[in-house]
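Undergrad: If you want the building blocks of each chain, they are given just below.
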Amino acid sequence: MVAAAQHPQIKLMTYAEVENVAGYVGNFEVTIRKKARSVDASKCTGCGTCWEKCPTKVDSEFDLGLGKRKAIYLPFPQAVPAVPVIDREHCRQFTRGKCGVCQKVCPAGAIDYNQQDEIVTEKFGAIVVATGYELFKWEEVYGEYGYGKYPDVITGMHFERMNSASGPTGGKIIRPSDGKEPKTVVFVKCVGSRDEAKGKSYCSRACCMYTAKHAHQVLEKIPGSKAFVFYMDVRTPGKAYDEFYERTVHEGAIYVRGRVSKIFPEGEKLIVRGEDTLLGRQVEVAADLVVLATAMVPSRGWEKVARMVNLATDKDGFFQEAHPKLRPVETFTAGVYLAGACQGPKDIPDTVAQASAAAAKVCNLFSRDEMTTDPMTAQVDESLCSGCAMCQPICPYKAIEMKTITERVAGKQVSRQVAAVNSGLCQGCGACTVACRASALNLKGFTNEQILAEVDAVCL
Amino acid sequence: MKRIGVFICHCGTNIASAVDVKKVAAVAATWAGVVFATDYQYMCSDPGQELIRKAIKEHRLNRVVVASCTPRLHEPTFRKTVESVGLNPYLFEMANIREQCAWVHAKDKEGATAKAIDLVRMAVAKAERNFALSAAKIPVTKRALIIGAGIAGMQAALDIADSGYEVVLLDREPTIGGNMVKLDKTFPTLDCSA
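If you read the sequences in order, they're chains A and B. For the first sequence, numbering that gives the first Met the number 0 assigns the number 459 to the last residue and increments by one with no breaks. For the second sequence, numbering that gives the first Met the number 0 assigns the number 193 to the last residue and increments by one with no breaks.
The hints are simulated quantities; they were obtained by calculation from the structure and are not laboratory data. All C-beta atoms, glycine included, are put in the ideal place defined by N, C-alpha and C. Certain hints may be false.
Here are some chain A residues pointing at chain B (derived, C-beta under 7 Å) [as the list claims (entries may be wrong)]:
id: 1; residue: Met0
id: 2; residue: Val79
id: 3; residue: Asn162
id: 4; residue: Gly251
Construct the entire structure; sequences and hints are all you get.
TA: What follows is the structure in structure tokens.
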């Protein structure tokens, strides 16, 4: 993270969103909204006085509600850049029109309540889409696990935050309900994954391994603790992965093959009822804490990204690669590449490998000053074009625009509209050529004349 | 004056077992404009491509038709072949007599052969009207945008930047790091993620 932040060739644009993508490979024009931080990044020193003095406390999104943050905040201590942002939905200055504490205490005079969103348009030659994943909203469908109403039924990501030394519990594993250390922790795998009835049909790939890690952390951090893992299958195909899982089992994690059918409270405990399919009988575990390994789903807003850069998606919203085996990081839009979990669930090693592959494709594109385009693009015969513009909405690549030409007709200068094809955007699909009533559009290499000659050859 | 060469591929037995390739070549040789027609086991192989190059020179061919597999597979191969002896690659034409003929009519040799002849006749008719095309050059802005600054975005940004190109690493959140920085230790080595 620090390496990316300090690299002289990398410019960070955080708290920013892409609004529009125009242009084509080698020549994209991207409109970006830089959201108002309400803090002048050029003045802020990241000293932290503002968030210490801020009187408003809200749940921290970064800690998934396990901890609190202020209305002016850094998501976490090592955040990059170390410039806070004001959450205008909760800040008293914005909700009630008075407070101004952070502005008063800021020694650098960096707080700017009037800052506006800034819209910029920049040119790029290539785009890497790395929009990642979020967790499946299990609370909405898994009634048998309590619809999220039991505070001690948490997700693997909550568990990660608790284990983090800089997290809300300072690295201690606790029960969110009463802060006590759990002695018996139950892990439930495939919550939303491999469950077509309630969730997704796919395997999220990383959960078997992080659950093994979580079970290991319980046994390591809590003396005398027990870790139970309910699983459908243990899938550990990766270098040193199965060894890691075996190690967790040898440390004492108890793996139970079967689905959990119900979780319900009984006194201070949570009773986890499930089936052990290897023994063929029902089991019940009285747990202090239950951790669900929830499915990875595409990050919210994937529809907007797909629309802007013209990406195909699969049934679950993951972006489609150009070929599942041979072109795994390219897309159907030239110059746009995929990296990480936005293409499908994957773990860190696979994500890093794919990101480097996408980078190699970008470097390959940038290694030349000019790129050659396929010459089989549409061509307009301006003398035939009537300027009806029928072709314009038909083009799926937005490659056709109307232009005005001036010509001499019977001794007079006359202006009229004709179609013009941008050969950089045109992918040679031919849709416009069939739509053109005047036969003014032809696909080079597949002209009407050439195609008719083929038809004649077989029919006459 | 169009001087067309026609090359019929056996694709081992893929095509030759269903199509009488010798007959297709013999029929093609009789058409107007076709000055050379032959068949060969694997047109895409080095000796196969050499056969095409030699024929172009010997018979002063200015149009080439290869009847073999799908153009998705070997159109780029043969375009390069003809280009290597000075012919514009877009003067080359391909007829698919494998996927669209031999494989779907494997049990009807007579019918498959007749259809292959038709397909080659179409390709020859088109080749006659093919004209030289040249690829356009467009400039490349050597600057990359990365949408999302999690582990994937950061890794891609570093690799591109280390090659000397400018990168903008964008994220909707106030910090970079994505989901990855929320993680404590990472498997299987249990090293920290930040």
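Undergrad: Using the nearest Cβ pair, does Met0 of chain A come within less than 7 Å of chain B?
TA: Constraint on Met0 of chain A satisfied, holds at 5 Å.
Undergrad: Per the CB criterion, is Val79 of chain A less than 7 Å away from chain B?
TA: holds (5 Å)
Undergrad: For the hint on Asn162 of chain A, does the least C-beta distance to chain B fall short of 7 Å?
TA: holds (4 Å)
Undergrad: Minimum Cβ distance from Gly251 of chain A to chain B below 7 Å?
TA: violated (17 Å)
Hint compliance for this structure: hint 4 is the single one not met.
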